[in-house]
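K.L.:
As a plain string of letters, each chain reads:
4 protein chains.
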Amino acid sequence: MSTFGTLFRVTTFGESHCAGVGCIVDGVPPLMALTEADIQPQLSRRRPGQSALTTKRDEKDLVRIMSGTEHGVTLGTPIGLTVPNEDMRPGDYGSMSDIPRPSHADYTYQYKYGTKTSSGGGRASARETIGRVAAGAIAEKFLRLRYGVEIVAWVSSIGDIEMKEDVVDTITRERVDSHPTRCPDAAVADQMTALVQECRNAEDSVGGVVSCVIRNSPVGLGEPCFDKLQATLAHAMMSIPATKGFEIGSGFRGTTQRGSAHNDMFVRKGDRLGTVTNNSGGVQGGISNGEPIVLRVAFKPPATIGKEQATVTYDGTSAVLAAKGRHDPCVVPRAIPIVEAMAALALAE
Amino acid sequence: MSTFGTLFRVTTFGESHCAGVGCIVDGVPPLMALTEADIQPQLSRRRPGQSALTTKRDEKDLVRIMSGTEHGVTLGTPIGLTVPNEDMRPGDYGSMSDIPRPSHADYTYQYKYGTKTSSGGGRASARETIGRVAAGAIAEKFLRLRYGVEIVAWVSSIGDIEMKEDVVDTITRERVDSHPTRCPDAAVADQMTALVQECRNAEDSVGGVVSCVIRNSPVGLGEPCFDKLQATLAHAMMSIPATKGFEIGSGFRGTTQRGSAHNDMFVRKGDRLGTVTNNSGGVQGGISNGEPIVLRVAFKPPATIGKEQATVTYDGTSAVLAAKGRHDPCVVPRAIPIVEAMAALALAE
Amino acid sequence: MSTFGTLFRVTTFGESHCAGVGCIVDGVPPLMALTEADIQPQLSRRRPGQSALTTKRDEKDLVRIMSGTEHGVTLGTPIGLTVPNEDMRPGDYGSMSDIPRPSHADYTYQYKYGTKTSSGGGRASARETIGRVAAGAIAEKFLRLRYGVEIVAWVSSIGDIEMKEDVVDTITRERVDSHPTRCPDAAVADQMTALVQECRNAEDSVGGVVSCVIRNSPVGLGEPCFDKLQATLAHAMMSIPATKGFEIGSGFRGTTQRGSAHNDMFVRKGDRLGTVTNNSGGVQGGISNGEPIVLRVAFKPPATIGKEQATVTYDGTSAVLAAKGRHDPCVVPRAIPIVEAMAALALAE
Amino acid sequence: MSTFGTLFRVTTFGESHCAGVGCIVDGVPPLMALTEADIQPQLSRRRPGQSALTTKRDEKDLVRIMSGTEHGVTLGTPIGLTVPNEDMRPGDYGSMSDIPRPSHADYTYQYKYGTKTSSGGGRASARETIGRVAAGAIAEKFLRLRYGVEIVAWVSSIGDIEMKEDVVDTITRERVDSHPTRCPDAAVADQMTALVQECRNAEDSVGGVVSCVIRNSPVGLGEPCFDKLQATLAHAMMSIPATKGFEIGSGFRGTTQRGSAHNDMFVRKGDRLGTVTNNSGGVQGGISNGEPIVLRVAFKPPATIGKEQATVTYDGTSAVLAAKGRHDPCVVPRAIPIVEAMAALALAE
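Chains as they are written, first to last, in the numbering used here: chain A, 1 to 349; chain B, 1 to 349; chain C, 1 to 349; chain D, 1 to 349.
Calculated from the structure, these hints are not laboratory results. Treat each hint with caution, since some may be false.
Unchecked claim - Below, simulated SDA-like cross-link-like pairs (lysine to any residue); rule was C-alpha separation at most 20 Å, straight line:
no., chain 1, residue 1, chain 2, residue 2
1, D, K307, C, T277
2, D, K164, D, A187
3, B, K307, B, A322
4, A, K307, B, Q257
5, C, K307, D, T277
6, C, K307, C, E203
7, B, K269, A, Y111
Claimed, not checked - Sample of chain D residues at the chain A side, in silico, Cβ under 8 Å:
no., residue
8, T6
9, S178
10, P224
Here a beta-carbon is modelled for each residue, glycine too, at the ideal position from N, C-alpha and C.
Okay, chain A solo, but in the shape it has when bound:
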């Protein structure tokens, strides 16, 4: 279903070429200042057409609060949010109607539902993420006001170009946005730009990794059993289109370590115990321990490419697909606000 969360809950609607997209956010506490200005910045960071690196689909993505506030303050009632679709060009996709795009949702949607939108992605379109980003902005404001939580995501690799610097304690959104790739290491970022441009020129695409830190998380979030905090975070992140992997703290690298090296020794930090190292990534026993929550999300290369692909039609006949239109050669820069939104929603739920 299209619902995430139990006590702080978002339900989304909308596909690529309908009248609009949006969501209902339920469980927002009353008496919190909230206007469109709290939500729009993250939507604008997500929207297409921001730079030469992304798809040229042009959308303003202006959000409207339909309910749940009065005089700029929340009422404790569900917040309805809508964003109109503007740049709909179903015609762009006509040539793909007989050939399911390899590694895209076309085939599985057709199989499961017996139908799909005439216009390609439908619910699998990146536009589905608008509702998430809008809801996440509300969750994030709540977490920031109540606990001082800070959530910052950044691009840590594109293709095999990887950033090495540890920026967990210092990274800010301003620094992330200082480069179109949203990699905070300028030298590495320039290499990434070159790689993305190369892929665009080749009508190809490339994947990448988004890292994210959640600072000032309250201690005690998460449930001991099935709803461990890392499980909820993994669920949230792996629900973003095009994700293939998730790590928290030491992740896969941690499997190669000895316990004596991997264990995070305790030390007093103010009124709580903290840890000297943070291989746990802020979560121990499924429950947040107050250290920064650090996670990484793997995004595969976008499936829709202009380059020719030898595949088959829905009925199994050999065919060559070259998807014309406005494709994103790399999604990770625009994925930044989505990862931040899902982090906020996972914490708030």
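Please arrange chains B, C and D on chain A, whose structure you already have, making use of the hints.
P.N.:
Using the frame of chain A, we list chains B, C and D on its own:
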């Protein structure tokens, strides 16, 4: 909460040193043959004391079906399962009552609940996983009878010793169990044994990676938005104690590829379309496509080690902890049936 | 929360004086014909200003499908629905800002949320029910197309004027709508009209009972334990504003009978067993048995009345309240499509 | 499914003739004193064989806490509870295997599941309620310790013999239990006893009404929309076997009143506003207002009777059923602890 799943739902209870552990499995279809003999084998694969590689805690872990069947056939009603705890030795943990184990759940549990079992792990104990394995055995039988689903997990790395062979299409549980490490490559497995023994001798521990394949998955499982199949699988796997990472298909490695190389070209396979490669790991657009579902789960080194650790007490005083007792130097061999169980529960839900 | 249902699920938003109200309906099967014309009739039956009997607030309540359909056919994705608020007159309520209306939600909302809309009802407004009615129209269409289900509600009493005729097998919406009171017995309906007019003239209000029949329900709906069909129906109905009671089948009257008289004897009806009588109201053991599901819902007299009431302000000072504005002296005629909607949602969930 | 509640959640298992029945209670706060002695009294009030008025099935119904406590104090982890079945006599039901009992669950279960227990009721047996009563005792203790909540149910009518006295403010369980019928008016209770005996002698049965008051409810329980407190209470009560109706406050009687008479005028009561009358039954706008929550539940006459009934077999052949065995001529006395349990669970959820 201690519940997983919507239509096929398990709720577990029990901690390390109470009267017993168990679960209720709701949503099992009626008229399926089911006795304890369907459940016990996976519990026995999970139980401690199986080999020199694991903890010496000795438990038979005999399961009893309390309800939901009659004459060996399911009724469609909830199935209550109980497993008594036998080898309870709270005394073993006495020395740790003042010092939270680094990277274990002691501190976060104490903070969140204001209490914890006198005996260490409590709900964070590996015994909590018994209910999952029992429920998973039922889910797996249902999936096998209804769809022919086969689920096999194996150890693909311990520490930095990694198995290279691709066994996705051929691996069986018999082959997995042919070596105590549950790594199906005998030469690599011997190296792993040596490494685990070395850690045990050093009163230290080491992590590893469990791989898992789900063959014959029906096409169409998973929901387009928040409950994509990879999200549900990630949630399931990251809820297993000691997990730090999750990958499906190409995982983090896939982020370095071009779309033209990563995309899985379609080809006719019987009455459905299949793919030539399987970088998608059996899931496209969040929905299973009929190819083998392939995933990997990272387990950190166990936190409880005999080796001395310089840490602090609950009140922040410097202390040295050397956890006496029966510790597992490496959990991945015993994690095999747990990963299989969570895979079955994620598919059945 | 503002969500109802598990597999067929509606989430609503909106209060009396925000930009609009609406809902998201998730779980609607794909390939079902659906346009605004399927939804608008029930909204129009619910809207204020239909007759001299109801509130004079004037709203067109025109619904727009935002997503989930293409070319008039469902996609299997969430259906977003919006209805703008037009006739907002916050000024009408100014005088009530210090005095909570007796038996209304003002006090409990203020206590629970620490705020309320400046305009009276807020989320407790009857406008909240628009989303339910819209979602219910979709659920009803699905049930009608799939199973031939017919749902008809009617007014069976207002005040102490009660209709006696048994219309369970024959009643139609056309007959219900043939009189403004929506009581299908014309003579009784005229008495009801007189009573409502008398209450309106006295600036007072009066309650009533809505009866509802669900014909052609499939056999087997409902769960044995906590989610018995009568429990889900009771939940659905008692969530409608102003409800005080629920009955299914023989209801409270059945408590006075002997088992030998109350039991519904079985008889063959086509390919299933049916019953001679229907004291069970179509549900046995919590599961539908194929007979008509018959239920009754009690609505109290509306709390907002123009007549003077001796009460106290929020801070406990004695005060006299005479609520000016456009009040409904009796809600049951307009409650008809709401009861029908909740019946459809309870069956579809 | 067999689960009730979100934050305080019970899942039950067990049918009439399996090894045992029980439940898992999740969400119980840590550090609450809890032993079997807190749970057993309500189970003993529910168990059969208490008096000449009830079924002669003889069960001790001794509960065991399997998990979730240590040294008599809760840990915050799920509490597993089991109660063995002892007096199983499948043979008693042999004669009914071909004939579904009129107005019982036999036919609908067989239709829905394609099977049923050989022993009649299965999951529809009254033994299913043991898990509810056990869980309710825990919920009730939590509510009493945290808020001083008092829950008392009593029999207010059997057949057409009705008790008139208003005991909402004063009733205690001791007074309720002072008579085997659990009607606190001794003279009326004696008439009830005579009626029940008369029904027993005639191998017939009779229904009744259980009233219940919840005193000292905190203000603010319940959600504005679908989960209004009266909706959750109705759901809880209508999930009890044999229920046909639910009322809160003025109930169906309130529909005949004018708003000016029905409205509950506010008055200052300590640090909150209270009401002079309580037609609302403690709930306004779906949210508790601090006044006593007063509700009534209708129970039909038990379906299983010894008297001959002219009905048909599963395949539609005419047959006469006379159910031999140990039947309850009237369930309302034993329903008292079940109603109390469901009230506690609905409040705690």
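K.L.:
Please go over all the hints and tell whether each is borne out by the structure.
P.N.:
Results of checking the hints against the structure:
This hinted pair checks out: K307 of chain D and T277 of chain C have alpha carbons roughly 18 Å apart, not beyond 20 Å. Straight-line distance between C-alpha atoms of K164 of chain D and A187 of chain D comes to about 11 Å, which keeps the hinted pair within the 20 Å bound. With a C-alpha separation of about 5 Å, the suggested pairing of K307 of chain B with A322 of chain B holds against the 20 Å cut-off. Of the supplied pair hints, the one linking K307 of chain A and Q257 of chain B holds, its CA atoms being roughly 15 Å apart against a limit of 20 Å.
For the given pair, K307 of chain C sits about 18 Å from T277 of chain D by alpha-carbon distance, which is consistent with the 20 Å threshold. A C-alpha spacing of about 5 Å is found between K307 of chain C and E203 of chain C, which places the hinted pair at or below 20 Å, so the restraint holds. Of the pairs offered as hints, the one joining K269 of chain B and Y111 of chain A holds, with about 14 Å between alpha carbons and a cut-off of 20 Å not exceeded. The closest approach between the C-beta of T6 of chain D and any C-beta of chain A is roughly 7 Å, which is under the 8 Å cut-off, so the hint is satisfied.
The beta carbon of S178 of chain D is not positioned within 8 Å of any beta carbon in chain A (closest approach about 43 Å), and the interface hint is therefore violated. Taking 8 Å as the C-beta cut-off, the interface hint given for P224 of chain D holds, the closest approach to chain A being about 7 Å.
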